[in-house]
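Next come the chains, spelled out residue by residue.
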Amino acid sequence: MYRYDEFDAAYVKNRVKNFREQVNRRIDGSLTEDEFKPLRLMNGLYLQLHAYMLRVAIPYGTLNSRQMRTLAMIATKYDKGYGHLTTRQNIQYNWPALKDVPDILDDLADVEMHAIQTSGNCIRNVTADHFAGAAADEIEDPRPTAEIVRQWSTEHPEFLYLPRKFKVAVTGSPNDRAVTKAHDIGLRMLRNNAGEPGYEVIVGGGLGRSPFVGKVVRDFLPKADLLPYLEAILRVYNLQGRRDNKYKARIKILVHETGTDELRAMIEEEFAKMDGPSIALDPSEIERIENYFAPPQFSDLPAESVALSAAKAADAEFATWVDVNTDAHKQSGYTIVTVSAKAIGEAPGDLTTAQMNVIADLAEQYSHDELRISHEQNAILPHVKLDDLPAVHAALVEAGLATANANLISDIIACPGLDYCALATARSIPVAQDIQRRFSDPVRAKAIGEFKIKISGCINACGHHHVGHVGILGLEKAGIENYQITLGGDHTETTAIGDRAGPGFSFEQVGPAIERLVDAYISLRADESERFIDTYRRLGLEPFKAALYNEEKEAA
Amino acid sequence: MAKLFKPKIISANDLLAGDVVYMNSGYGWTRKLAEAAIAHDENAADALLEKAEPQQDKVVGPYLADVALDDDGRPFPTHFREKFRTRGPSNRVDLGKQATNPERREPLAASGGI
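As you go down the protein sequences, you meet chains A and B in turn. The first sequence begins at 1 in our numbering and counts up one residue at a time. The second sequence begins at 1 in our numbering and counts up one residue at a time.
These aren't lab readings, by the way, just hints derived from the structure by calculation. Backbone N, C-alpha and C fix where the C-beta goes; we use that ideal spot for every residue, glycine too. Please note that the accuracy of each hint is not assured.
[Stated by the list, open to error] Mimicking DSS-like on lysine-lysine, the simulated pairs with C-alpha atoms at most 27 Å apart in a straight line are:
1. A:Lys77 / A:Lys13
2. B:Lys3 / A:Lys99
3. B:Lys32 / A:Lys80
4. A:Lys80 / B:Lys51
[To be verified] Derived, one-sided and incomplete: chain B residues facing chain A with beta-carbon distance under 7 Å:
5. Asp19
6. Gln56
7. Val60
8. Phe84
9. Leu95
Throw the hints in and build the complete structure from the sequences for me.
Below, the structure is given as structure tokens:
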């Protein structure tokens with residue numbers, strides 16, 4: 001993991017000191033809210049429906065047990081005993097008092113954490129594949145790149161006041177788990193024909209009010225050119241982005257209005273004019289950062305674990321959990337564990353203090369002290385020995401964290417929605433809870449197979465509904481909550497924006513509609529290996545639309 | 001024809017705690033909707049807002065919100081957003097204002113607010 005150097009540590013502590021003074025000046029009346037708001041947002045502090053909310057950055061979703069324990073401690077000491085994992089691999093606290101926030105930030109700084117770049121029109125916290133450094137399909141660990149982008153973007157004087165927020169995601173695997181095509185910039189690590197490492201550069205993806213799939217502006221960018229090229233993109237955006245209209249200010253609109261070819265030409269022209277070597281990182285510095293992410297000292301283990309096979313044979317529930325919640329690791333004898341923060345009936349992504357501490361303990365004991373937070377609002381133990389899975393599972397069961405639903409229908413992404421968020425137009429969490437309860441039978445859920453439901457409580461799409469196999473968007477219609485359903489979205493390397501099925505549903509109608517949809521899928525799929533998204537692509541919207549709106553069947 | 005005026009109250013978030021507050025008839029702040037000052041016409045609403053907006057040392061973002069009145073003339077929220085603001089997260093009834101006033105959760109109108 002990256003470790004702060006003296007500069008990083010002093011910088012973060014100094015930011016806390018500044019913010020403490022700003023909070024004091026707000027409380028004593030020296031600062032108006034208009035003056036204070038941009039300052040608090042720069043430090044991750046929002047004001048929501050019922051309280052302040054502090055969004056803490058977990059850069060590229062990586063943290064260690066000490067950091068997780070601090071997050072747990074903060075939840076108890078300053079909040080109401082829980083935190084919420086977000087779709088940007090961050091964690092949010094929903095109830096901090098204004099006066100406590102500088103103390104929270106100080107506690108975070110003690111473990112090399114902060115809330116910088118979690119808000120405002122800056123380059124936001126960089127996200128990455130949550131299986132980074134572990135996945136069997138990985139070409140290269142994306143985290144050194146993410147860390148380089150983080151260091152380059154933090155307080156970059158030219159890009160502190162962009163037209164709008166700007167989000168960068170990095171994946172090191174061909175199977176894209178970082179939704180790179182729905183980011184302002186997506187970086188996909190690959191190798192050219194000569195075997196040299198580089199990036200496919202994707203620009204102008206985004207969800208929200210106007211969803212767009214990102215466009216490739218460079219098929220292959222040599223690794224050494226990363227920062228100059230990013231700087232060229234940002235410079236073009238900073239100059240050309242629509243500052244006149246907040247809703248058209250994201251780079252996706254610039255790409256859309258300008259055209260990919262023309263924008264690519266502008267970026268390349270800017271890039272050509274730059275003094276690249278003065279911006280690019282020195283190879284020794286790249287190497288220094290890469291060394292922080294060197295793989296842990298794995299044991300030499302056989303690919304099969306006798307202990308695991310025996311435990312699976314003895315315990316069907318455990319076997320199901322292993323099948324569903326573990327993924328292939330690059331190291332023989334190891335696996336990646338998805339710790340579900342989606343227990344049936346709980347708010348997706350909410351973890352209690354006790355649960356955070358259990359996850360920290362397990363990371364320390366069984367995962368080389370490493371953790372990831374996924375954009376799908378789960379926690380990941382990236383380096384677990386197959387032999388240790390029974391012990392890990394037992395501890396997770398005890399903590400209510402062993403729901404075997406990774407990628408299944410109850411592994412729902414849901415934004416906080418109108419239960420917390422001041423921007424929301426409808427609730428998300430109770431919709432997710434209702435669907436979870438309807439599909440709480442693990443046998444049925446597993447039989448349905450991969451089924452990605454993503455719920456947002458407003459058009460800003462924090463819940464990624466556009467790229468859900470089933471997307472649910474909560475709106476207000478005539479004074480009540482109304483939910484639009486989209487079908488066929490895809491968050492992977494084959495990114496697709498879902499198709500709107502038709503008129504919206506009331507709060508109570510959503511769950512039954514999803515049940516009808518699932519029934520239709522089960523009856524229409526070619527066989528059990530055909531996922532919902534595959535069946536949808538084969539058959540199109542119509543049969544599923546018919547199922548969604550066929551309420552008579554429900555009554556029959 | 002003049003548009004029918006809906007009674008209004010001033011709501012905001014407390015500066016220090018961030019929770020929901022309402023302006024009372026003394027232009028101070030209360031956490032009980034039942035104690036909120038009610039504007040029965042446009043002028044009264046404007047006047048309340050004028051008293052609220054300068055109070056930046058106490059609250060954040062004061063605004064006028066529609067209410068309806070029960071038989072005793074006490075206000076209750078008409079929009080679901082405001083209803084949630086009187087309570088807290090609907091998925092966590094142990095949190096927010098509803099946690100300390102569980103008996104006041106339903107019905108808001110009959111109970112006279114929070």
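Checking against the hints above, which ones are violated?
2, 4
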